[in-house]
Every structure is written in C-alpha cells, then in structure tokens.
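Peer 1: Let the hints inform the model, and build the full structure from the sequences given.
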Amino acid sequence: MSRAVGIDLGTSNSVVAVIDKDGVPRILTTAEGGTTMPSLVWFSPDGPVVGELARAGLDYSPDLTIFGAKRLLGRRFDHPEIRRLARILPFELIEAPNGDTWISLSAGRSISPEEVCALILREIRRMAEAYFGEPVTRAVITIPAWYDAAQRQATKDAAQIAGLTVLRLLSEPTAASLGHGAHRGADRKYLVCDLGGGTFDVAAVDVEAGIFEVLATTGDAFLGGDDIDRIVVDNLVRDVRSGRGFDITNDTVAVERLRLAAQFTKHELSDVSVSKIYLPELVQLPSGRPLEYDKPLNRSELEQWADPLIRRIEAPIREALRRCGRKRGDIEEVLLVGGMTRMPAVQREIARVTGREPEVIPNPEEVVAVGAALEVARLEGTIEGVLLIDVAARGLAVSIGGDCEQVIAQSSVVPTREHRVFATRHDDQLRLEFDVWEGESPDPSQNRHLGRYAVLDLPPAAAGDVLVLVEMTIDTDGTVRFGASELVSGERLQLEQLFHAGLARTDVLRLQRQLEHAS
Amino acid sequence: MASARTLHVRCTTWEQVEVFHTRKLRRGKLLSMKVPFRCDPGAEVTLNLELPNQVVIVIAGVVQKSSSVEVDPTLAKPDAGKTWLEVELVGFTDDVVARIRKMAAGEVAPPAAEPPPMPAPASRPSRPSYPPGELRVASAVARAAEAQVDGLPDDERAVFQYLTAELRRLRTLAVHEVLDVPRDADTDAIRRGWMDLVRRHHPDLVARRNAPAITHLAEELTILANRAYDRLRVAMVAEGRATAVGPVLAPPPGWLVGFDDISSTGSIVRSKIAQTLQNGGNAPQVEAIAPQVTQIHGGEAFELRARAMLGDGDADNAQEVLAAALCVYPRSRPLRSLYYVASAISALSKGERMLATSQLETALAHHEQCTEAAAILELMRRTNVAVIADEMRRLFR
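Residue numbers (my numbering), protein chains in the order written: chain A, 1 to 519; chain B, 1001 to 1397.
Not one of these hints is a red herring.
Footprint (simulated), chain B over chain A, 3 or more residues, beta carbon under 8 Å: (1) 372-383; (2) 386-396; (3) 472-478; (4) 486-494.
With beta-carbon atoms standing in for the labels, derived distance ranges: (5) B:1155 with A:489: 33 to 39 Å; (6) B:1161 with A:505: 33 to 39 Å; (7) A:129 with B:1210: 20 to 26 Å; (8) B:1040 with A:489: 47 to 53 Å; (9) A:359 with B:1242: 28 to 34 Å; (10) B:1086 with A:332: 40 to 46 Å; (11) A:456 with B:1105: 42 to 48 Å; (12) A:135 with B:1155: 29 to 35 Å; (13) B:1161 with A:506: 35 to 41 Å; (14) A:251 with B:1210: 52 to 58 Å; (15) A:456 with B:1064: 49 to 55 Å; (16) B:1210 with A:187: 30 to 36 Å; (17) A:516 with B:1210: 22 to 28 Å.
Quick caveat, the hints were computed from the structure, so don't treat them as lab data.
Built from N, CA and C at the ideal position, the CB exists for glycine as well.
Peer 2: As structure tokens, then:
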C-alpha cells in the first residue's frame, strides 16, 4: 500500500509529519530546510509557485500571491467576515455562481480556494514523496474543530484535487493533544488553546483511558498572527505618514515589505524586550533615492497595539467552558498550540482567563502535524487502544420552503444519524425537494445553506400515500451524507443535488486531472 | 435453598421453538414466566427445553427478578402462578441457538460424549461468564465456536456475522438497554456503558481491515450507541439528575419520538400527524419550494395505514407496513404490538392457531393497552376461526 502522511494545513504555515520506520514521528523539511512551509501560492507568469519561493511574489505581485486561502475555504461570499477580509486583502475576492468565495486573478481568471489549497497540498505531497522515494496518496489532514460541513467538504475536495485520499479529517485540538502525547499519560481534562496565523481555536478535550473526547469547541475564525501583523503594519504606515510625510497606504509593495519586517520583529519580541524595524529601502522617493525606515520597537509597545486583539481570546475560552458545563477550576491542563502562543502577552492572557499556568510546548507549530501523523499510525493499527470521539460542530436542519427544522442537534456525538419522514401532498407527485441547512436557528437566513436536494422518481400514488424517509448521516469526519428511501417498500430513491455549496463532483475530478497533467 | 428448581418448557413444533427464542425471550436471554413456587433473586434455576424431536436441552439460568402475584380467590386454581419470575438464561448462548437451528433444519446430530466447547462469553466483557448450556441428549457437532474473547475474530466472515447479529439485537432495545445500564443509571454508568460500546465497535478499530462492509456495520453500531448515549444524557439533564453529561446538547423538537422508553420526562413533543407546512419561505438566495410534502412525526401515520389495511382484511400487507415502520421507530410499543396482531391475524388465516395465540400474547406483553389483541384472543376462545374473520375486520374500522 502507498504511504500516508499527516498534514497540518495551516492558515499561514503548513507542516507535514510522518511516522518513521522506528515508530517515531518525524517532521519533514522543505527544500529550503524549514520545518514549516508558508501556505502561500504565487501565480507567477511561469506558473504557480508554492511555499518559501512564493514569498518573492509578496514583493513582486501581492495581488497574485494568495495567502490564508484556508480562511476562504467553504465560505459564503456574503459572510460578514469575508466582506471584512475582502477590504483588507491585497488580492481580490469575487463571488462564485453558487455564492462561494473565489479569488480573482489577473486577466479575468478566477480560482477557487480549494484549488489554491490543492496546490499547497500537492507541494506537501511532493515533499513526502521525495522523502519516502515512493508515492504518497493518503493523508490525515487537520482542520479547526469548528469547521462546518461545507468547509470540511472543501478541504476534502482540495485534497482530492491534489491526488490525496483523506483518511480522516482530524480536529486540530485533538491532534494537538495526541501530538502532545496525551494518549500515553494519565487521564486529563485538557483545554487546548490554538492561536495560529489566522485562527484562534479553543477546545475542551477529555482524555480518559485512551478515549479522546472533544467536549466543546469554540473559536474566533478571524483572530491570529496575521491580524496582529496587520495592526502593527497599520501603526507603522501611520508612523511613516506622520514621521516622513509619506502616505504608503496604497503602495502594496511597500506595505508588504513592512508586513514582513513587522512579522520578523514580532517573533523577535517574544524573546527579547527591545528590537527595531529596519528597512533600507521602504519606497523610492521621487528623487530616486530610497527612503530608509528605521524604527525602534519594544515589547510593551507591541503588546499595547495588539491588546484589542489579545482581549478577544477571553470570550471563546469562556464559551467553551460554558458549553461543556465546566468551571475554570475543572481544567487540569492548558495546552498552548500555534506559533502565536509564543508571545508572552498571549500566554499571560490565557493564564488569566483559565486561572492556570499554561503548558508551554517546545514546538507549538509542529505538534498538530505530529498528532496527524500519529492518527495515521492509529488508523493503520500501529497505535492501539486510542479512540478519538468527536461531536457535531453545528446542528443540521431541513426546510421545505418554510422555517428550518432541526434534525441533528449541535454537539451530537458523531457518527450519528437522524431521519425525517415526508409524505407527498399531491396525487402522483413525482419528486420532492428539501433544503439542508447548517446551524441552530429556525430562521434560514441565520444558517449556512448546504444544499437543496430532490428525491426523484417517486412511485405514482394518491397524495399522502408515498412516505419518503430521508436519512442524514454525519460521519466520523464530520461530513454529511444523505439517503432517501420509500418507507413502505424500503426501496432506495434517487437523490439529486440541485444546489450545493462548494465544488461539484465533476469539477473536482476535472481539476484533479488538470493538476496531474500539469505536473 | 436446597436444590435448584427446574422449569419445563415444551415445544411441539419447530415454529414454537423459533417463537420461543426469538420472541418470548427478551434480549435473547430474559425469560419471564409465572411459577407456582417462591424464588429469590439470584437463585439458580434450570430450564428444560423440550424440542419436538424429544431432545431436552438443559439451560442454566439465574433469577433476576421475582415478584409475587396477587392471588385471586375466585379463580378455580388459586395455587397456580404464585410468583412472577424473570430468569436470565445465561446458558442460552448463541452456540445453543445454532444447535437448535441445526436440529430444526433436520440435521440429526450424533450424540457427543464430551461436553461442548466453551462458547463465546456474554456479549459484554465486563460481565462474569457463566457455565455454558449443556445438551443432555443430543449435543451438536463439536464445531468450535469462534473465540470472541475481548475482541473480534480474525475471520472476516465471522466478524460480519457477529456484527450483524449484534446490530439486530441492539436495534430492538430501549436506549438504556443498548448501553446496558438500568434506566435510572447515574452519569458515570451511562458514560461507561457508552464507552464500552464505542470501544468495541468504533469504525476506526476495523479501519485497518479495509473491508467496507465491516466498516459500515461498525459505523452503524456506533451510530446506534451514540444516539442512545445522546438521548440518555439529555434525559438525565431534563430529569434534573445531572447538570451536564458531555457537551451540552439542545435536542430539537420531535427528537424523542420513537423513544418511548425515555419519554416519561414529558420532554417529548408529539406533533400532529399532518403538519401542513406554510406556503412561501424566506430562504435567502434560494427561491422557496412550493409546499409539496407533509412531514410526519412519530409512527402514527403508519399505524393509521396499517389499521386501514387490517380493516380491509389485508393482514399481510399491514404486517409489511408495520415492519417498515419498526425499522424507523423500533421502540414504539403501539407499532410493535400492532405488528404482532397483524402477524397473528395472518397466521389465523392460515389456520395456525397456536402461533396466532403466541403472537397475540406477545402483542399484549409489548403493550398492555393493545385492546385488539385482547379482543381477538377472547374471540378465539369463543368461536372458530372462520367466523371471526369478519369480526376482526370490524375491530379496526
């Protein structure tokens, strides 16, 4: 059988890990020698460039260099956060015909976030194949625990386009606690706080006799290191304007340079208290001379700027505790995951909210990928006695023209299945349609529309005589499956997807073939 | 107690044997019967099951419950049936069932001198194992039962059969019985019961076999366990016996329909059968669908349909409708009892009076308020079959 890898597909950085022959998890390194690969794709004139090399694109053509595509995966274009992102991202977002968010490239070309993620995953696949020297076709991919069904499906589609079969979509907090070695230790009640490049996730994870149970997950989908970078850049741009009388707000190249410098300084300030931002050539002055930018920055100033963002850490943690009926004192260990948790101010804030000194992992960026690799080993039977139990992140509802009616409750343990029985209302009715929503509100506009389905080829009969049983299954990955049958005869009925979020099956297959040909 | 009591059950046809172990025994092991002696819970009893081929199978059992029955002095035989016993037939293993089936199939097994091999332990590893049932007269061929100790056998076929049987067994049980806990179990017991099940059946455990059929069965079993756990933990919170069991779950309306065994909390929402949906929706970006369906809650629609069919004397089809309904609402008492009534009527039409009686009694055992079953039993006692067909039809109109 071909090889399988564990992938942490991050908003800003991706990590890939495998289990070595001696059973030890190993992080694969990129061609440039890094353990993490920037989740960057630059659509250069010579074709897409992925990873470290794509950083050049940030300088050269920021509008064609896509970062944070994971945030756009499976999102509706009219989602308020997408509207906010559309204003601040250097590349242009457009609305796909089915309401999804796509990215507009130059010359009228547009691309789905799935394809961008597929390019990143293909690069990861190449890395792993170079390491093993044999084909890699299967992967465990980690996702935020709060991902809804559309986002999960989009991740699976991205993997399929990249030629990877998803063994399991593993929630990041579970992966983190697995990577931390919780399956080997004593029974614990963990609170996993994952502050990465783009998202902040909180999860209460119980480990009891080898069973990992995610009790509650919350998070802030738009809080992460990138946002702190952006605040720093905003402040620096203001500083350039007031100090040098130069407005570089619309100079994407200069802003991008500032962003990189700010990111570097931010990392430094986690270890030292004073640093500075130095750019020998920020912009070219009209005279042709370069404008040199040199600004000392200390930790407290950075923390002051980031403070409004760091304050947003508190609400998701409280919400997570509320959802699983816990008090602060019930937590037995706080795990910090994600590069941003290296920032002392973040650690302080989490300690304040949870009332417990957090556990600092030596490799907060890589622990999720290690967990994914361990999951591969678990599914292949190398690790025994460990079970990961997940709950449905969102409820599932159906509607027939009117209000949404809840079918599967939020926090149901997955896999689970519920059904609804519909009776026809007209004589010889041939088909019946229903909408599927994700969310808890009876108001459809508050929920995420997953799709509209039609049950076809109903047997001709008087009104009310045909009973259709529609079954909805959320599987272990958290993706949703549908099935319909005629109740009395038990015969399977054909279901047609009239509208759906995400890419169509045929598109996924077409893109997969395209990508295979390209490489 | 000086010596173990012995109970006798005599079956004159193979059909009765089949009915005995598939219908009469609850959960395949629990036998309830009235006996003319007193017996304490925990006492050992033996059951002599006499088969139509004069073979007597001796099955070990332990009394689980014992309650004395009020003796009606007006009855002719006041000493008959003093105690209502619930006996767990621990010796009635799958192995024994397999042998009985074999005999029923006409395969006469040679008597074996040595006792049969130790059969599989009870389905839960946490339970103590009991001595296996022994066959006194004719013991079946010593075909070694697959070792199922604490896991699944390696043979894929055996796993498939085992999981299928387990799924069929669990599907008929009440939620707390699925988790193998008492109805009033505490939080820890429910969690343990659920974890035990998940630990045995989670699809991840069989993922490495790469056999879709087995993974599918494992998933179905896990779904069953998860649903039972979800319902039970919600019921616990609703009954005020716990603040939260696992992640807080807000059950949607209609969630407990079909789960009669935990609806005592009053949280059940029984909607009208024909809940007509309003025209014109306000779905965003999606044009509204014209109202073309009626949503059904609970099993009432099936019940009405089946009753109409029974009223027309179409018992076979009614039985089919009810069987379908039971797939969806396996725990609905009215549906289950009606199923047995339909089956009894269909048996009567074929002249199988004995089977019909046992089916009607089963119907009453499942649902005491099944007036039709009682009425038909009464009719059978008074008149012959041919006459009552019309009266039966009238019952359902």
